[in-house]
Amino acid sequence: MTLRLLSWNVRGLNNPRKREVCKNLLREWRCDIVCLQETKLSLVNSVVLRSLSSSPFIDWAVLDKVQSFEGFSVSVLFRGVLDGFEWVCIGIYGPNAYLHRVALWEELSRVRTRWNKSWFLFGDFNVIRYPCERLDCP
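If you're matching positions, the sequence shown starts at 1 in full-length UniProt numbering and goes up one per residue.
The hints are simulated quantities; they were obtained by calculation from the structure and are not laboratory data. Keep in mind the model is a prediction, meaning the values are calculated, not measured. Among these hints, one or two may not hold up.
Keeping only pairs whose Cα atoms sit at most 20 Å apart, straight-line, the calculated DMTMM-like set for lysine to aspartate or glutamate is [stated by the list, open to error]:
{"id": "1", "residue 1": "LYS117", "residue 2": "GLU86"}
{"id": "2", "residue 1": "LYS117", "residue 2": "ASP83"}
{"id": "3", "residue 1": "LYS18", "residue 2": "GLU38"}
{"id": "4", "residue 1": "LYS18", "residue 2": "GLU28"}
{"id": "5", "residue 1": "LYS23", "residue 2": "GLU38"}
{"id": "6", "residue 1": "LYS117", "residue 2": "GLU106"}
{"id": "7", "residue 1": "LYS40", "residue 2": "GLU20"}
{"id": "8", "residue 1": "LYS117", "residue 2": "GLU107"}
{"id": "9", "residue 1": "LYS40", "residue 2": "ASP124"}
With the hints as constraints, model all of the structure from the sequences given.
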């Protein structure tokens, strides 16, 4: 079985037209698991989620802004119906502040300790690989 996973920094979803564009792209891409970052939505409920998805099979988890220094990830344990294979999917939204990144790695270590399974990390770590990737780089 092939899964399609998407991590997308949408930079705001308050505009209904932007949500419609997002919904159309998600339908086109036919993703199985979607991790949206920076939605900037003040309220996330089933009505808002239905405006983003045409699938009747949808579940979600939200990290509020208040949790941003305590929770950097959403972890879900999956078990294959046919083969029983278990794996952990972890959606990441890493902190911008360097000092808080240690907390992210500590959190991931706790997830690893809790579920000693295969795992898949995806999301926005808010890190750069090379200095030239900085916004202020010439």
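Here is how each hint holds up against the structure:
1. Using a Cα cut-off of 20 Å, the hinted pair LYS117 and GLU86 holds, with the two alpha carbons roughly 7 Å apart.
2. Straight-line distance between C-alpha atoms of LYS117 and ASP83 comes to about 15 Å, which keeps the hinted pair within the 20 Å bound.
3. For the given pair, LYS18 sits about 13 Å from GLU38 by alpha-carbon distance, which is consistent with the 20 Å threshold.
4. Our distance criterion of 20 Å between C-alpha atoms is met by LYS18 and GLU28, whose separation comes to about 15 Å.
5. A C-alpha spacing of about 16 Å is found between LYS23 and GLU38, which places the hinted pair at or below 20 Å, so the restraint holds.
6. Taken as a hint, the LYS117 and GLU106 pair is honoured in the structure, with Cα atoms around 17 Å apart against an allowance of 20 Å.
7. Taken as a hint, the LYS40 and GLU20 pair is honoured in the structure, with Cα atoms around 16 Å apart against an allowance of 20 Å.
8. At roughly 16 Å between alpha-carbon atoms, LYS117 and GLU107 fall within 20 Å of each other, so this suggested pair holds.
9. Between LYS40 and ASP124 the alpha-carbon distance is near 15 Å, which keeps this suggested pair within the 20 Å criterion.
Consistency with the previously given hints is maintained throughout, with no hint failing.
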